[in-house]
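Asker: Chain residues, written in single-letter form:
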Amino acid sequence: MNSLINASYLVASVCFILTLQFLSSPKHARQGLLIGAFGMTVAVVATLFKPEIVTYKWIIPSFLVGSLIGTAMSAWIPMTKMPERIALSHSFGGLAASLVGISEYIRHDPMEMSRVTVAALGFETFFGFLTFTGSMMAFGKLQGFITGAPITFKGLNAINIAAFLGSIVALVIFVIHPEMKEIFYTVSATGLIIGVTAVIPIGGADMPVVISLLNSYAGLASSATGFAIGNNVLIIAGALDGTSGFILSMMMSKAMNRSFANVLFGAFGTGGGSAPATAGTDARAPQYNQGTIEDAVSTLEAAQSVIIVPGYGMAVSQAQHAVRDLGAALEKRGATVRYAIHPVAGRMPGHMNVLLAEADVSYEQLFDIEDINDDFAQNDVVLVVGANDVVNPAAKTNKQSPIYGMPVFNVEQSRTVIVLKRSMNTGFSGLDNELFYQPNTMVVLGDAKKTIQAFKAELETRE
Amino acid sequence: MANELLLALYIFVLAGFLGHHVISKVPPLLHTPLMAGTNAIAGISLVGSLVAAGGDFSNASTILGFIAVVCAAINAVGGFLITDRMLRMFRKKGERRS
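Protein chains in written order, with my numbering: chain A, 1 to 463; chain B, 1001 to 1098.
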């Protein structure tokens, strides 16, 4: 029986790897997912035959409750809330791993466990709890329960360092003296604390890195569970999850030209605390061209090629469907419409792509920065929808700017740039954006969704 | 014991490399589904939670197992469903939505 169960884990591992391989193209991705779900089912059903499992009395209700919650969350969560959904699932994953760890610890005689098992249990509960509270904080920030601006106070970094060192010391003592319950619970507690104190000082705009990193920690916790209970499929699935999160967080940091350390300890974006350098006194405040709906539509009407640059503002005002409708109307008039997607636009990797796909924009129209950045010079009109830092030329020109060196779109090279903004306040990072004051830029103030709907309505009256 | 650890480390390291190789080929277009999908896969921690919930150890162990199964099942079931919901939306021009 045991070898059959282990064979089922091998099947599951192969299926999971295939799932990821199929994700290399949107064409086959769904088939890959089906394979993964099949592997999962095989592994779970086989596990039910394990001799240690003596009753299904608790398994059936808990599994049903979990499946119902999972199904409901997946069916009804709006696509704009995807970062929140992902943060929540990281926290569930972390919690599950650490609870399994505690349960393993209390039901075995610690003196009979091997050092490896003990160390794995320690890691598992530590990373599990860290992922749990960290993801909860990320969720709170995304959802607005906690301010998106970095929360810092004097001594926070000191607390972080102390908690981190404390957790290492506690882990070491735990491996030497696994029978000391207090030490085990200290390890758990430091995980819970670090999750909170490490995430609250990180600003909302850095969420893509944080979510990816938490993804990676959730994977590490799963892998540690595998080491602790001697289960290979857990080790493999955790390693896949861990590397995926790690790769994504590297990509996100690179797309912001920031190091990991800077994201984690930099508390970037003080939420307007530092006044923009260019603002000066009122009399010297830079001038910008404010356009009306009619002005903007006249420009769009004449355009042969339009590039739309969406940002987090598009998600906030749920403007993706309106954007698509406007794009379709422009295409009907003969213009080519493309979308330029920055890796860190939005609050998680791929956020904008999912929203535009939801709005039925073909993925062939979605372009990564390296594929479209040379085309701005030959482009007629750029429409910036709720993006700020990713179109800030200061990243290329101003060595003093905190975002200097970050790859940004060359939008200013296009003939005209139309920027949709709620107000002229500085964006999330608290940085002013020279783009808004350039002669070929037209700023249209107002809610992105309403403005774009007005564009389309106006465009249609001119046919 | 040392052998066991070494074997487990082998698996971990090789799976990590394989993951790196495969995941590097996922286009940025699909990064959100990738994250949701790996989340679903990590729901395999169910196999650990099921043993805790279904074993005859202690009340505390069963309660912890119960909660762990709920959490892991949310990820396993919900993760695959939401990833599929996202992937269904990605289409080429002219392709009908399935």
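It is worth saying that the hints were derived from the structure and are not from the lab.
Hints are supplied without guarantee of correctness; some may be wrong.
Claimed, not checked - Simulated restraints on C-beta separations: (1) B/Lys1092 to A/Thr292: 31 to 41 Å; (2) B/Leu1005 to A/Lys254: 13 to 23 Å; (3) A/Gln287 to B/Ser1024: 25 to 35 Å; (4) B/Lys1092 to A/Lys332: 17 to 27 Å; (5) B/Ser1024 to A/Val65: 34 to 44 Å; (6) A/Lys57 to B/Ser1024: 24 to 34 Å; (7) A/Glu52 to B/Val1013: 27 to 37 Å; (8) A/Gln400 to B/Leu1005: 47 to 57 Å; (9) B/Leu1007 to A/Ala158: 33 to 43 Å; (10) B/Gly1094 to A/Gly155: 55 to 65 Å; (11) B/Lys1092 to A/Ala158: 25 to 35 Å.
The C-beta atom is built at its ideal place from N, Cα and C for all residues, glycine as well.
Asker: Hints the structure violates: just list their numbers, smallest first.
Answerer: 2, 3, 6, 11
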